[in-house]
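Chemist: Below, each chain spelled out in residue letters.
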Amino acid sequence: MTGTGAVLEVEHLTKRFDGVTAVDDVSFSARRGEILGLLGPNGAGKTTTIQLLLGLTAPTSGHVRVFGLELPSHRRAILQRVNFSSAYISLPFNLSVRENLEVFGRLYGVKDRSERIARLLEMFEIPDVANTVTGKLSSGQVTRVNLCKAFLNDPEILFLDEPTASLDPDIAEKVRSALKRVQRERGVTILYTSHNMREIELVCDRVIFLSRGRVVAEGTPREILERADAESLEKVFITIARGGAIR
Amino acid sequence: MWGRVGALLLRYLYLYRRSLARSMEIFFWPVMDLLVWGFVTVYFQKLAAPRAVVFLLGAVIFWDVFYRSQQAITLSLSEEIWVRNLLNVFIAPVRTFEIVLATCLLGLIRATISASVLGLLAFGLYAFDVTTLGAALLPYLASILLFGWAVGMCTMALILRFGHAAEALIWGTPFLLQPISAAFYPVAVLPSFLRSIALLLPTTHVFEGMRATLATGRPALAPLLPAFALNAVYLALAGAFFGWMMSRVREKGYLARLAME
Chain E
1 MTGTGAVLEV EHLTKRFDGV TAVDDVSFSA RRGEILGLLG PNGAGKTTTI
51 QLLLGLTAPT SGHVRVFGLE LPSHRRAILQ RVNFSSAYIS LPFNLSVREN
101 LEVFGRLYGV KDRSERIARL LEMFEIPDVA NTVTGKLSSG QVTRVNLCKA
151 FLNDPEILFL DEPTASLDPD IAEKVRSALK RVQRERGVTI LYTSHNMREI
201 ELVCDRVIFL SRGRVVAEGT PREILERADA ESLEKVFITI ARGGAIR
Chain W
1 MWGRVGALLL RYLYLYRRSL ARSMEIFFWP VMDLLVWGFV TVYFQKLAAP
51 RAVVFLLGAV IFWDVFYRSQ QAITLSLSEE IWVRNLLNVF IAPVRTFEIV
101 LATCLLGLIR ATISASVLGL LAFGLYAFDV TTLGAALLPY LASILLFGWA
151 VGMCTMALIL RFGHAAEALI WGTPFLLQPI SAAFYPVAVL PSFLRSIALL
201 LPTTHVFEGM RATLATGRPA LAPLLPAFAL NAVYLALAGA FFGWMMSRVR
251 EKGYLARLAM E
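Protein chains in written order, with our numbering: chain E, 1 to 247; chain W, 1 to 261.
No lab work stands behind these hints: they were computed from the structure.
Keep in mind it's a predicted model, so treat the numbers as computed, not measured.
Treat each hint with caution, since some may be false.
To be verified - Derived list of chain W stretches under chain E, where covered just means 3 residues or more per stretch with a C-beta under 8 Å from a C-beta of chain E:
1) 209 to 221
2) 247 to 254
To be verified - The calculated label-pair distances, taken between Cβ atoms and stated as ranges, are:
3) E/Asn131 / W/Gly217: 33 to 39 Å
4) E/Ser232 / W/Lys252: 55 to 61 Å
5) W/Arg248 / E/Gln80: 36 to 42 Å
6) W/Thr112 / E/Asp128: 18 to 24 Å
Claimed, not checked - Incomplete in silico selection of chain E near chain W, CB under 7 Å:
7) Leu71
8) His74
9) Gln80
10) Ala87
11) Ser90
12) Arg242
13) Gly243
All C-beta atoms, glycine included, are put in the ideal place defined by N, C-alpha and C.
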């Protein structure tokens with residue numbers, strides 16, 4: 001970790017796929033306990049950036065340092081201390097919730113797994129699904145089980161790719177509250193992507209707007225709104241998505 | 001109605017036109033069957049011994065060990081793709097080697113169970129008692145298991161690289177090797193140019209050794225050395241190929257794309 005308190009440092013990160021630049025010279029950092037929104041229209045490079053930060057995809061150039069450790073040379077040590085959840089991936093549907101969490105608990109070397117699993121299921125208000133086969137859960141329950149998996153190893157950094165995408169407003173609010181609570185209590189850094197701009201305003205301490213792979217705006221939601229002279233992040237999003245620029 | 005049927009037909013034809021693996025399915029199985037059973041017929045014509053059934057039953061069990069061990073690797077990782085769990089596995093702090101090893105061990109378990117069941121059935125139905133030669137055949141079973149792992153690693157690397165289009169290889173690759181593995185007939189039955197290729201496969205030496213052991217009742221040790229030497233080479237090559245493909249997959253972003261499709 002650096003003296004600035006940054007747990008995640010991204011420097012001049014670039015990824016090109018067969019001549020197409022998906023991520024273009026992106027630099028940013030995230031401090032401990034910060035919720036950082038990574039925003040942008042479809043194809044802006046958000047998902048590719050997260051893949052690069054998790055070491056799933058190798059960068060064309062640039063550096064990623066997590067806890068002061070360089071990716072990819074310290075990938076396993078880093079992965080031990082981070083986790084990821086996405087609306088677009090799932091846990092095996094033919095295993096029960098408990099079995100799935102047990103498997104991942106073992107993969108992350110979690111001690112007192114039964115206790116931890118019970119606590120997480122309680123935290124996300126789904127204690128009654130522990131023995132249910134994952135394939136029989138509602139999409140909202142699946143999302144919360146995925147979040148339980150993401151919190152299994154007590155991560156210091158959590159990458160959340162549209163975590164509330166399939167949730168109804170009530171459950172989405174509960175998930176947001178749980179995330180904010182964990183952030184406060186555990187000092188977890190969260191990198192958060194969402195297309196729900198109202199949610200981003202509620203959850204994120206700071207946001208980064210990407211467009212065509214480049215960072216086009218960065219700051220707190222309030223700073224961005226002031227610079228864009230806009231009344232909501234949704235308006236800013238639409239401006240950026242349509243090729244407009246903000247100061 | 002016919003318009004919809006025609007549209008569906010066109011959709012499948014497009015698929016076959018765009019996928020070599022799918023196109024291969026049309027002629028692959030019949031050609032392989034023809035090759036295998038054609039050579040078996042040639043063998044039977046030359047054979048005037050009642051041992052044929054014993055050899056065939058032994059071959060079926062050994063072939064199944066190979067098939068199950070390679071499938072344990074390919075099906076296990078493919079299953080992660082099918083249930084969209086691949087990224088969860090690859091972002092966990094596990095080495096790729098550990099993932100492959102786990103699937104290899106699964107292959108060992110699957111092959112052991114499968115061989116045991118087949119052995120019991122063969123004993124019950126045909127009085128084929130594999131246990132009378134048990135210890136002598138174990139090195140051959142181990143050798144064929146190792147080759148199954150090597151083939152499984154290569155197949156899985158191709159699936160990770162080429163995605164769902166390559167999934168037909170899970171079932172197809174073993175049968176691509178079957179005609180030249182001399183599984184159901186001696187390698188001598190093959191034409192000379194195929195014989196040279198066959199001798200480069202550990203499976204050929206395993207099946208030759210198995211037949212020699214079953215024929216004499218004594219362990220035939222000579223084919224074991226080339227079988228294990230070739231396995232060492234193929235496992236090293238398969239490991240290197242898997243590693244190289246994984247680096248290509250990471251470079252091209254295929255892992256995430258495959259996992260989130």
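Chemist: Would you mind marking each hint as holding or not holding in the structure?
Modeler: Tested hints:
no.	hint	result
1	209 to 221	violated (count 0)
2	247 to 254	holds (count 5)
3	E/Asn131 / W/Gly217: 33 to 39 Å	violated (54 Å)
4	E/Ser232 / W/Lys252: 55 to 61 Å	violated (38 Å)
5	W/Arg248 / E/Gln80: 36 to 42 Å	violated (26 Å)
6	W/Thr112 / E/Asp128: 18 to 24 Å	violated (39 Å)
7	Leu71	violated (11 Å)
8	His74	violated (11 Å)
9	Gln80	holds (4 Å)
10	Ala87	violated (10 Å)
11	Ser90	holds (4 Å)
12	Arg242	violated (26 Å)
13	Gly243	violated (25 Å)
Hints 1, 3, 4, 5, 6, 7, 8, 10, 12, 13 from the list above are not met by this structure, while the remaining hints are.
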